[in-house]
Amino acid sequence: MTIEEYLYYIILPILAISVLLVFCRFVMGPSIADRVVALDLLITIGITLIAIYSIVYDQSTFLDIAMILGLIAFLSTVAFSYYLEKRNRKKREKQRRDD
Amino acid sequence: MEFLLAIITGLLYAAGLYMMLRRSLVKLIIGLIIISNGANLLIFLLGRITKGHPPIIPGDSKIFTEIYADPVPQALILTAIVISFGLQSFAIILIKRAYQVVKTDDLDEMNTIEEDYK
Amino acid sequence: MKTLILRTASNYLLPILLLISIFILLRGHYLPGGGFVGGLIASIAFVLHAFANGLKNTKRLLKFHPGYLMPVGLAVSFLSGVLPVIGFDEPFMTGLWMHDAIPVLGKLGTALFFDIGVYIVVQGVTLTIIFTISESA
Amino acid sequence: MQQLLLYPLLFQLFLSIFLMFFWKKIDAQKIISIVGGFIAVFLSGVLFYTVWNSGIQTVQAASWEAPYGITFVADTLSATLVLLTSIAGLAVSFFSSASVIPARLRFGYFPIYHFLLLGLTGAFLTGDIFNLYVWFEIIIISSFVLITLGGEKAQIEGAVKYFTLNILASIIFLTAIAVLYGLAGSLNMADLATIIPQLENRKLVEVAAILFLVGFGIKSAVFPLYFWLPASYHTPPSAVAAIFGGLLTKVGVYALIRIFSLIFLDDVFLDDILLVVAVLTIFSGAIGSLVQKNVRKIFSYLIICHIGFMIAGLGMGTEIAFAGMVFYLIHDIMVKTNLFMVSGLIYRIKGTNNVRLLGDLYANFPKLSLLMFIPLLSVIGVPPFSGFWPKVSLIIASLNEKNYVIMGAIIFGSLLTLIIIARLWSNVFWKKGEDLPKRDHFLYFQKMNRLKKFQFLAPIILLAGVSLYIGFGAEHMQQLSNRIASELIDNTQYIEAVMPQNN
Amino acid sequence: MLIAILTGFLFAILLFFGGKKLVNHKLALLPTLIPLGLFVYFVRFIGEVSNKEFIHKTYEWIPSLGVNLSFTLDGLSLLFSLLITGIGTLVFAYTSSYLKGHEYLDRFYGYLSIFMGAMLGLVLSDNLISLFVFWELTSISSFFLIGFNNTSEASRKSALTALGITGIGGLLLLGGGIVLGNISGTYSITEMLAQKDFIQGHEHYILAACLIFGAAFTKSAQFPFHFWLPGAMKAPTPVSTYLHSATMVKAGVYLLFRMSPLMGSTSFWNNTLLIVGLITMVYSAFHSIFRTDMKGILAYTTISALGILVFLIGLGAHESYLAAAVFIIVHALYKATFFMMTGVVDHQAKTRNVTELSGLRKVMLPVAIAGLLAAISNAGIPPSVGFIGKDLIYEGTFHFEHSAILLTAFAILTNVFISYAGYVAGIKPFIGKLPEKFEKVKFPSFFLWFPPVLLGTLGFIIGLFPVLIEKSLVKPILWSIGEDAAEVHLKLWHGITPILGLSLLTIASGIILYFVLKPSAKKEAFITKFEALSPKSILENFNRAFSKFSVLWTRIFQNGYLRNYVSVIILFLIALMGYTLVDGTTYKIDYASFARLTVYEVVILTILILAIGLIVFAKSRLAAVVATGIMGYSICLLFVFYSAPDLAMTQFAIDTLTVILFVLVLYKLPKYLKLSDYKMRIRDGILSIAFGGLISILALEVLAQPVNSEISDFYAKNSYLLAHGKNVVNVILVDFRGADTMVEISVLAISAIGVFGLLKLRLKSVERYQK
Amino acid sequence: MKNRFLSNILLTFIWVAITGDFAFLNYVFGFILSFIILYVITKGRGDAKYFKIIPKLIAFVFFFLWELLKANLQVAYDVVTPKFYMTPGIVRVPLEAETNLEITLLANLITLTPGTLSLDVSDDRKVLYVHAMYLSDKQAFIDDIKNGFEKRLLEILR
Amino acid sequence: MTNILIIILSSLGAIFILLAAVGFVRMPDAYLRISVTTKAVTLGVGLILASAAIYFDNLSVTSRVLAIVLFIILTSPVGAHLIGRASYFSGNKLWEKSVTDELDGKYQPNSHRLSSGEEFEDEDEKRKKKIKERDLL
Ligand code: NA
Ligand code: NA
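Top line first, the protein sequences correspond to chains A, B, C, D, E, F and G. So the first sequence is numbered by my numbering: it starts at 1 and just counts up by one. So the second sequence is numbered by my numbering: it starts at 1 and just counts up by one. So the third sequence is numbered by my numbering: it starts at 1 and just counts up by one. So the fourth sequence is numbered by my numbering: it starts at 1 and just counts up by one. So the fifth sequence is numbered by my numbering: it starts at 1 and just counts up by one. So the sixth sequence is numbered by my numbering: it starts at 1 and just counts up by one. So the seventh sequence is numbered by my numbering: it starts at 1 and just counts up by one.
One should not assume that every hint holds.
Covered stretches of chain B (in silico footprint by chain E; criterion: 3 or more residues with CB under 8 Å from a CB of chain E, positions within the stretch not fixed) [claimed, not checked]:
hint, stretch
1, 4 to 15
2, 38 to 51
Restraint-style ranges between C-beta atoms, simulated for each label pair [claimed, not checked]:
hint, chain 1, residue 1, chain 2, residue 2, range
3, D, Glu65, C, Leu108, 23 to 33 Å
4, C, Phe64, B, Asp106, 50 to 60 Å
5, C, Leu108, D, Tyr49, 37 to 47 Å
6, E, Phe443, D, Gly473, 48 to 58 Å
7, A, Cys24, D, Asn354, 53 to 63 Å
8, F, Pro94, E, Tyr678, 52 to 62 Å
None of these hints come from the bench; they were simulated from the model. What you are looking at is a predicted structure, and each value in this text was computed from that prediction instead of being measured. Every residue gets a Cβ at the ideal spot worked out from N, C-alpha and C, and that includes glycine.
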């Protein structure tokens, strides 16, 4: 078994299962925070998928994409937190107005 | 794999259209985004796909020594993606503006056509 | 968002991201990257900064409205495109290259300046859009 | 001077970027736009002159020979349309400088407007199908911006429809490009014109053609794809509506002409579809216009109706039909631009575009009314005004084809146009109008200073003059149309000009 | 000759620029010089024309279309030219008094001049297209003339009706002209004559004839298109005189005359004309006897007279052509007299109702004389020229090959009614007691009473000396339609013949009828009861129905619901694509050629599909947006796996930005509502799946086709060597296809400006309506 | 000034590392580039404080990695076994760290160790709220943080 | 030798990721889920990237890998902090078996100001009191 095959037949399925598990949580929710974390997690696992892929195909170029992924994944988490905070504030304001 | 990709592409078109047919403006825009992705994928697929060989001339060589993926569809999609980013951002802001002005997300209420026939 | 942690982190992330964006821009001709992605990353850096420090601070940092980057970038790209038309009666966008490669950047040509224009425009665009939304949010 | 062909294009691009540097100086923008408009007319005039005398011009952008780079081609059709675009553009620049309010000008009206002209010019000049897509996008986005700029309820509602359906069109266009690239592996239209006829699977070629037909059909507002047009054209400032009405749908028609005269030839099924579409377009446009009560909506539906004439010419596909179609296209660009400016002028005079409230124009502004009557006569096609001559060719073509339905449709469309315009004249110009309350802070035409009045009237006079020239100098136009038609019928000229190395 | 035709137009233009000054109070007669001058101009040609020396002039206009301004001055056109300019002169002069001091007198003269020029062009044109050009101009100028009192709704409405009907006719003429041109390869009528047999044998002959008929019948107010003419009486009387008696309405007759040597003498041509003419003449003559408005009476008798002319042309014999030629002159003379007389009555007494009018001879004797002269000529009482006309008509019918008696009977009936109507309009207002209310009616000014008297008298002079028109006009007319005119001798006295008896019968019956039947409002009411069945109301009903249909059709398609628009567009696409794709498809999917499926592909595709499902069925907007993000990221990973790193990077960055934008916008929006019902969802679902399915099939089919990689090979080969870059995608973007990218960044910049404007620009309420 | 110079050098190295081009000119280029970026972003603000002592940093990194592995295993056990043994909760951890950088680094490090998550810092910067999985002894937990991470971290930074 | 190293590193990485995923699904509340995932994944990604660095054995790749890892270490805790905080005031409940919640009531509902609990009285409560007093009057 070559290293590529090992990665392909052992590691990849593990990662694949992880992806699916995370996705399950994404579907289950229940809160938005969970979904956002799931998204973040998916991207991060995506980075590892790409890393493994680049080894299997012997293309280091793909690691650059992993880099970009790492840079950007963070931003969406920030944005969603921003959203949650803003929405929450808005909800509170509305509550107060209703009271 | 092409077979599955073709199905997925169709699915993207279908889902995009379905979302465009809803009454919510937000869904409409999401629908447009999905269907744009479908079109990109279609270009990609019909330009024929190649695994693991990006169209980048490796290290020290001056021409390709192995097979390579067709760069043309990639360039086209890149252009299309960037353009649709412009359009999408505009569309998303349009949602916002429409909501400010019309006070609804419901497309059926954005309908002053009836005034014509009074 | 009022969070010290993010604010501190973003202050350190900003230069790193900008550096990476330029790196991505410059090597685009040889490896994945280029003006678009570079510009997007640079703007993400500023967006992040804006999320953490508030828009006002980011604007203060930039010192001018990011909208002005658009005509500047367009002009850079346009000039590198028309330079062959004006100077050499060659078609629009014809690449003009310096004879010798310089270190780091490789061969210098109009294509690079074109890409730099793209880089600037993309930043101008992204920042204008996001800042505008945030301001009117 | 080899790059002559690109000058109108590059100049518009330059103008757009240049104008952005004057973001807040709107007076400077006005001057730049108008002066630039004159230069653009000059440059495209030179291009037209060159093409007329020396035949099809091509430039291989970035010096990569076709089909590897992007080729720009100016055949007589393209050169003509570029010239018309610059003329209409100049007129609307003038009109905008007077009629568009400073608030809009402060938010980039002029740069965007010139980007729109850039897009139109590019679309007419490109010889590459994907590049055409890109030009279409610049047209769409700039028109979106123009239509929404400062928009309130009606404008936003119109914009949402305009936006969605045009994006849908773009997506269908992109789908078509995907299929075409998948089949032929090329994007250069001349190259495609040589590859496509040799492909074995005609069925797929036909599907690609259908995708183009629908994609461009939406843009050119044919039945049953026209919905976005009546939903939106009455909402933006009249200067914007003028350039939209004159050129936006026409660029769709141009694309249809290009595709179906260069790449997809001799497909009976497609021709039949085009003809059915044409008849229904004429019909729907005409009766739609009949029921409208708003001057601009009336004109909007008339656009649709008259698009049908051109599609009919395209569907018949003979040289004389093409000549009629092209002549109609030329006429229509000038006259529809002018009509929407006229609607703007009416709005400035009375403060409304509602036919029921309008009236008295002839009594109070006889000379102005007669000036406005010129585009109205032209659009009806009262001989010898400009709309008449192409119909002759179209009817001849339909007779040659023994297609009496088309002939009937053209006559029907012309008749309804006549009735609609006559009724419009009767209601807007003749009728005793209602006493409308004076609007505060609304600058009525009557109260404008001479310069402003001049800015309002000069473009209308200019385009009316061009229309008159097209009508009375019909021989020139007919020769031009005949030449374009012969270029369209025989696509080898185009192919050879783009790819001389093939022969 | 071109100058002659253009004079009218040029004068009109002159009037529009300095009209008020030019036609002020004192110079009101000035415009009369124009028709007068032209009249003199045309009179000079009588000599040549009466020697059978016809004049042809051609000016090139649009040779590429075969359209030239070629003019022929032969007998027929000379007659019309003289009528146009001659009666024109009188009408112009008459107008100067009739509309004295009118605010828009200048405009009126302008329209009249244009009309005159157009009419001259029409009758002089040899080229069918240029004939059509002038034909349309007469319609347009008459639209302005009929609608001259444009503040009155009735006036506007009848102008529109007239324009609509004659507009249809015009377009039919265009069609007919083009059909003929297509058959013969020329638009010149003269040149077509050489191909008479070919044309008549051509499959498009009937089409051409129908189109020509359509044109002629609408213009000349033949049944069932006649109703616009009574409506057009809303126009000022000079207009009625000029257009609706003497000139424009005769354009149709002129056309039939002009075309009969080319298209005539086929049974289709003749019978159609015969039947239509017959119905028209009887129908409207009958109608005329019930009318009480002088103009209404005259309108119906005019229609009837036009019917007679069409009928005569339809007879298609030498005698009938002769009769028609003479009757044109006759009718022009007396009907113009009638109208001008009516105008004076109306102008002075402020009413045209014959039941009210009587005894006016006491206040306006010259007008009464004019009325009498016109009535006599109209009734065909010798020695008026009307007698000659009537005589010739009976000559025509009586010697016709079939059903001569029946046709003659109809002719007599028509003439009796017409005579009666003439008495009512021309005599009744002037005889009897002058009612008190008319005692103060002022005597009309010279230019009001003189023109009708002059014309009326002219009718008698010609009646007494028919030679005056015999050689100069009548013979050349017959020549110009290819008839032999050697035997033509116009005489008042033919001796005692059956025709004389018929004439006397007609005159006598007319007089008897006059004493039996008194015009009254009751009778008029009686006939108007049948309006519901008249073509006019049928057309009105049709109009109403058509309007309703138009609204319905427009509403169905333009219903304001965006999703319906999308559905229709996609349905259209599906229908066309489905028809093409499914038709004879052999699904050859070569599974073996597809690449091996790998684990990550399966995973990514699963995620992708699930994400799509989530988007579609998401219950909150945010979930949908996050799922959209996941969809985008999965596609990015696909791009990674299929060797597109640049794409993956860009799409990844852009997807993230899009999600951010959504997030920034969304929290302001209200909650997702479940708006569409179950049925709608199913329907949309089916549509969507059909669409997606077709796209999939299409993709698979295209994938089975051979690949042409010439261009990508070129890029691959030259990317580094010529364009100095190793990332081919980037080289394409900045070099090979750099123009795309230049546009693309412009698109981005525009959208940013748009976003900026969309959110920052708030118009003040004052600015909002400044369109 | 010194700090800025240090940051400049650091960024130069990052540049050289990611470009993977170790030629002298690339150092020069990287230096200039970093200088420009630093100039642009720090203009108008006080000098940013950058890492002072690199060796301590490296030692710390290894300590941290060790902690990371240790805690990871603990959590892993809980995740894999069917029953949950955890006693989670949110606790206040008083801070000795003062500067933004100190607080941020500490919070991040706490988050990175399994079982703990820094939720937020109070506005007066006196308290860090931490969510922890194993809180059977609250005070021990707090002491652990204060004597472990915080102490070592402050040693490096001060 | 390198192969074995790669196998070990990548296997460890994959297992950590799997663990994180399992934990993410199993954990009973949002805070625990965030807590479990952040680090396990960070570690997993680090290990797998390290194996890639070893595989390619190339300085440029290694430096890139280092950059990615550094970046993830820098950002993922900040992200966790942000989302954890956000989920706290968007009202996510702690698992019912949680032993303590010292953050309860420390956030001001509208401004999201976080008190350290060392001030005598939270401003918000002061205001509430004032309102109550007013109501009594
Ligand atoms: Na790139
Ligand atoms: Na690039």
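Can you list which hints this structure breaks, lowest number first? Hint check: 4 fails alone, others pass.
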